[in-house]
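Listed below, chain by chain, are the residues.
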Amino acid sequence: MQPSLLMNALERVFQLVASWGMSPVVAGGLAVAYWGHPRSTRDIDLAILVASIDDFESRLRQSGFVPAKPQHIAQLGFVQVAQWRMALQEASIDIDIDFLISSSPYHRLAIHRAPECDLPGTQSTMRVLTCEDLLLFKAKSGRMIDLADIEVLLELQRDQLDFEYLKARSSEIGLNPSRWS
Amino acid sequence: MELSNAMLMAGLQAQVGLNGDCLEAYRAWYDKYQAIKWKDANTEAKPLEETNAT
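Chains as they are written, first to last, in this note's numbering: chain A, 1 to 181; chain B, 1 to 54.
I should point out that these hints are in silico values taken from the structure, not numbers from a laboratory. Glycine included, each C-beta is placed from N, C-alpha and C at the ideal position. Any given hint could turn out to be false.
[Said to hold, decoys possible] Label-pair ranges, simulated between beta-carbon atoms: (1) B:39 / A:74: 11 to 21 angstroms; (2) B:32 / A:116: 18 to 28 angstroms; (3) B:21 / A:53: 22 to 32 angstroms; (4) A:66 / B:38: 27 to 37 angstroms; (5) B:16 / A:154: 14 to 24 angstroms; (6) A:157 / B:38: 11 to 21 angstroms; (7) B:23 / A:113: 28 to 38 angstroms; (8) A:66 / B:23: 21 to 31 angstroms; (9) B:5 / A:163: 36 to 46 angstroms; (10) A:62 / B:38: 48 to 58 angstroms; (11) B:21 / A:66: 40 to 50 angstroms; (12) B:30 / A:112: 28 to 38 angstroms; (13) A:178 / B:35: 21 to 31 angstroms.
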């Protein structure tokens with residue numbers, strides 16, 4: 001499979017959701033890679049702002065996406081994860097896309113402060129979670145893979161991280177601020 | 001992994017700026033990443049028979 005197929009898939013989904021005014025931001029394993037830990041990942045995670053999940057899912061269906069499984073909405077930390085799938089006809093594979101949705105003020109803040117990111121081989125500018133917000137999303141999720149990612153990112157980015165921000169936001173979302181000491 | 005590597009390179013490029021030396025940034029990242037990977041490993045050399053002993 002050509003590497004550009006996956007990048008094009010990311011670009012297509014990103015542009016589509018952006019055109020709906022939902023402020024997509026790359027999260028999950030791809031954001032982990034952006035901040036220096038390029039581990040293997042097969043899905044695309046996008047944090048988004050939606051006014052109505054029903055309206056959002058209706059748009060996805062109209063655009064050819066299908067739910068990844070019958071119970072396709074899961075709770076993970078403070079976000080709801082809507083798990084959808086798009087067919088990549090040219091490569092005969094499906095790509096899973098997890099949309100991270102929340103109405104919390106913190107979620108909105110994290111999306112608004114996400115920096116722009118130019119991905120090689122694509123035409124459009126995307127946005128990616130800051131490393132601090134990625135750490136907070138992962139700390140709140142708490143799966144083993146998230147905790148492992150946190151350990152590596154803390155080591156890699158320690159000199160650049162805003163620990164005051166991490167502690168302040170941790171208090172707001174129910175995490176122990178001292179974990180960042 | 002291709003998409004992850006592209007994301008890594010995008011992050012390094014953002015770190016050094018449009019006209020920055022991405023290869024140099026990659027080399028610095030790689031050295032640091034390898035150091036982290038091996039940080040907690042027990043790298044003390046042992047005879048093979050000792051390693052295999054139960």
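Hint-by-hint comparison with the structure:
Separated by about 33 angstroms at the C-beta atoms, residue 39 (chain B) and residue 74 (chain A) break the suggested range of 11 to 21 angstroms. Separated by about 24 angstroms at the C-beta atoms, residue 32 (chain B) and residue 116 (chain A) satisfy the suggested range of 18 to 28 angstroms. Here the CB-CB span from residue 21 (chain B) to residue 53 (chain A) is close to 45 angstroms, at odds with the stated 22 to 32 angstroms. A beta carbon spacing of about 43 angstroms between residue 66 (chain A) and residue 38 (chain B) contradicts the range 27 to 37 angstroms that was offered as a hint.
For the pair residue 16 (chain B) and residue 154 (chain A), the beta carbons lie near 22 angstroms from each other, so the given range of 14 to 24 angstroms is met. For residue 157 (chain A) and residue 38 (chain B), the Cβ-Cβ distance of about 19 angstroms falls inside the hinted range of 11 to 21 angstroms, so the restraint holds. For the pair residue 23 (chain B) and residue 113 (chain A), the beta carbons lie near 30 angstroms from each other, so the given range of 28 to 38 angstroms is met. At roughly 42 angstroms, the beta carbons of residue 66 (chain A) and residue 23 (chain B) sit outside the given window of 21 to 31 angstroms.
In this structure the hint that residue 5 (chain B) and residue 163 (chain A) lie 36 to 46 angstroms apart at CB is violated, the actual value being about 29 angstroms. The hinted window of 48 to 58 angstroms between residue 62 (chain A) and residue 38 (chain B) holds, with their beta carbons roughly 50 angstroms apart. Restraint check, residue 21 (chain B) to residue 66 (chain A): a C-beta distance of roughly 44 angstroms satisfies the suggested window 40 to 50 angstroms. Between residue 30 (chain B) and residue 112 (chain A) the CB atoms are about 33 angstroms apart, so this pair conforms to the stated range of 28 to 38 angstroms.
At about 26 angstroms, the CB distance of residue 178 (chain A) to residue 35 (chain B) agrees with the hint of 21 to 31 angstroms.
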